[in-house]
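There are 2 protein chains.
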Amino acid sequence: MAEQGSAESICPKMQVMLAVSHSIKGYPKPSVSSRNALDWIITKLLRPCCKKEYKILILHVQIPDEDGYDDMDSMYTTVNDIRSHHKTEKQKGLALLEYFVKRCNEAEVDCEAWLSKGDPKLVICKEAKERQPDLLVLGSRGLGTLQRIFVGGSSSYCAKNAPCPVVIIRRDPSESPSDPLDD
Amino acid sequence: MAEQGSAESICPKMQVMLAVSHSIKGYPKPSVSSRNALDWIITKLLRPCCKKEYKILILHVQIPDEDGYDDMDSMYTTVNDIRSHHKTEKQKGLALLEYFVKRCNEAEVDCEAWLSKGDPKLVICKEAKERQPDLLVLGSRGLGTLQRIFVGGSSSYCAKNAPCPVVIIRRDPSESPSDPLDD
Numbered sequence: 001m002a003e004q005g006s007a008e009s010i011c012p013k014m015q016v017m018l019a020v021s022h023s024i025k026g027y028p029k030p031s032v033s034s035r036n037a038l039d040w041i042i043t044k045l046l047r048p049c050c051k052k053e054y055k056i057l058i059l060h061v062q063i064p065d066e067d068g069y070d071d072m073d074s075m076y077t078t079v080n081d082i083r084s085h086h087k088t089e090k091q092k093g094l095a096l097l098e099y100f101v102k103r104c105n106e107a108e109v110d111c112e113a114w115l116s117k118g119d120p121k122l123v124i125c126k127e128a129k130e131r132q133p134d135l136l137v138l139g140s141r142g143l144g145t146l147q148r149i150f151v152g153g154s155s156s157y158c159a160k161n162a163p164c165p166v167v168i169i170r171r172d173p174s175e176s177p178s179d180p181l182d183d
Numbered sequence: 001m002a003e004q005g006s007a008e009s010i011c012p013k014m015q016v017m018l019a020v021s022h023s024i025k026g027y028p029k030p031s032v033s034s035r036n037a038l039d040w041i042i043t044k045l046l047r048p049c050c051k052k053e054y055k056i057l058i059l060h061v062q063i064p065d066e067d068g069y070d071d072m073d074s075m076y077t078t079v080n081d082i083r084s085h086h087k088t089e090k091q092k093g094l095a096l097l098e099y100f101v102k103r104c105n106e107a108e109v110d111c112e113a114w115l116s117k118g119d120p121k122l123v124i125c126k127e128a129k130e131r132q133p134d135l136l137v138l139g140s141r142g143l144g145t146l147q148r149i150f151v152g153g154s155s156s157y158c159a160k161n162a163p164c165p166v167v168i169i170r171r172d173p174s175e176s177p178s179d180p181l182d183d
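These protein sequences, in sequence, are chains P and U. Numbered according to the UniProt record's numbering, the first sequence spans residues 1 to 183. Numbered according to the UniProt record's numbering, the second sequence spans residues 1 to 183.
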């Protein structure tokens, strides 16, 4: 492989932001659409001869429960119990990010991953505004209009409101997992 | 600049399809949104150290008049008159493509340009299905809902229906040309 040292100094890295989610089954399994989105970045977008010219910014937004409790069946008897629960939520998020960071390491491409909390579509746009990536990549389950109303359509909101170009990696219906909960 | 010869054989080119349009003023001036889209490809997407790994597919779709006549005020007295008019339409389209091909040549990136006729959004999706690019890039004037109804919104149709990932290069309102007809 040719050395790219000389090019590094004259060319800023392409910053590609990827927002990822877990499967419907829950942590730590990544959603099929998020995996598809990373696959597209690695196999189609990245040029193998100059991987040093990319940086992937991986964001996972955790949705807080409406009432502030993540699990109503749990009992907390001490402050430490509650603290450890919150830690666990964070740990689950980190375990999800680990999958994507590992994939980037294997592909030998620079990355940075972080967690955030809130309404995913709003937080993704806010983070994109702060980080100013060259491209925001989002996976999409390719839901119909009715499904989108109930399941939520972060990707189309971001396509309209993000401050940078957005590419949505849609899925072919044939790529749906046999168990919908793996989605 | 480092030689990229060794990488060429192991890595297929990234095929980036760009659909372009003329300004509202007409041929041969390219629309601001199409120029913005090419600017984004050249300055953000293309990695300077491996330009040989990209190919830009430039498509311009000409819209036939509903009644089949492009200019109702013109008089045609011979078959040759009519033929030369059609040639002129094609030549105008080619003059538009020339701008984009020249920009690609200057940027030293491989390209291919062609004309097609029909409803732009349908033809763009059809051509994308045939050429199977890795990415379809479209400029957008960032019209509001009401404007889109009258001016037409090819980009959002393509984002939903193209067989490949689509990135829409939206424009900041501040980037609108001082003369709206230059748009």
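Do not rely on the hints blindly, as some may be mistaken.
Copies of one chain are not kept apart here, so a pair can be met inside one copy or by any two copies together.
To be verified - Cross-link-like lysine to any residue pairs, in silico, SDA-like; alpha carbons within 25 Å at most:
| id | residue 1 | residue 2 |
| --- | --- | --- |
| 1 | Lys90 | Pro12 |
| 2 | Lys87 | Ser176 |
| 3 | Lys51 | Leu181 |
| 4 | Lys13 | Arg83 |
| 5 | Lys129 | Asp172 |
| 6 | Lys160 | Ser84 |
| 7 | Lys129 | Pro165 |
| 8 | Lys52 | His86 |
| 9 | Lys160 | Val32 |
| 10 | Lys160 | Asp119 |
| 11 | Lys29 | Thr78 |
| 12 | Lys129 | Pro28 |
| 13 | Lys102 | Ile24 |
| 14 | Lys102 | Thr78 |
| 15 | Lys51 | Asp182 |
| 16 | Lys51 | Asn161 |
What the hints contain is simulated information worked out from the structure, not anything from laboratory work.
Here is how each hint holds up against the structure:
1. In this assembly of identical chains, the alpha carbons of Lys90 and Pro12 never lie at most 25 Å apart, being 32 Å within a copy and 40 Å across copies at closest.
2. Within a single copy, Lys87 and Ser176 get their C-alpha atoms no closer than 32 Å, and across copies no closer than 48 Å, so neither meets the 25 Å cut-off.
3. For the identical chains of this complex, Lys51 and Leu181 are neighbours neither inside a copy (34 Å) nor across copies (42 Å), given an alpha-carbon limit of 25 Å.
4. In this homomeric assembly, Lys13 and Arg83 never come within 25 Å of each other (Cα to Cα): the closest approach is 39 Å inside a single copy and 51 Å across copies.
5. For the homomeric pair Lys129 and Asp172, the shortest alpha-carbon distance between copies (14 Å) is at most 25 Å, but the shortest distance inside one copy (30 Å) is not.
6. Proximity of Lys160 and Ser84 under a CA criterion of 25 Å is satisfied in neither setting, with 38 Å inside one chain copy and 43 Å between copies.
7. For the homomeric pair Lys129 and Pro165, the shortest alpha-carbon distances inside one copy (12 Å) and between copies (22 Å) are both at most 25 Å.
8. Taking identical chains as interchangeable, the C-alpha atoms of Lys52 and His86 are never at most 25 Å apart, the minima being 36 Å within one chain and 49 Å between chains.
9. Proximity of Lys160 to Val32 under the C-alpha cut-off of 25 Å is found in both arrangements, the shortest distances being 23 Å within a copy and 19 Å between copies.
10. With identical chains, the CA atoms of Lys160 and Asp119 are at most 25 Å apart both within one copy (16 Å) and between copies (24 Å).
11. Within a single copy, Lys29 and Thr78 get their C-alpha atoms no closer than 30 Å, and across copies no closer than 71 Å, so neither meets the 25 Å cut-off.
12. Within a single copy, Lys129 and Pro28 get their C-alpha atoms no closer than 27 Å, and across copies no closer than 36 Å, so neither meets the 25 Å cut-off.
13. Taking identical chains as interchangeable, the C-alpha atoms of Lys102 and Ile24 lie at most 25 Å apart only when both belong to the same chain, with a minimum of 21 Å there against 49 Å between chains.
14. In this homomeric assembly, Lys102 and Thr78 never come within 25 Å of each other (Cα to Cα): the closest approach is 36 Å inside a single copy and 70 Å across copies.
15. Taking the closest pair of Cα atoms, Lys51 and Asp182 never come within 25 Å of each other, the shortest separation being 31 Å inside a single copy and 39 Å across copies.
16. For the homomeric pair Lys51 and Asn161, neither the shortest alpha-carbon distance inside one copy (29 Å) nor that between copies (31 Å) is at most 25 Å.
In summary, the structure is inconsistent with hints 1, 2, 3, 4, 6, 8, 11, 12, 14, 15, 16 from the numbered list given earlier, while agreeing with the others.
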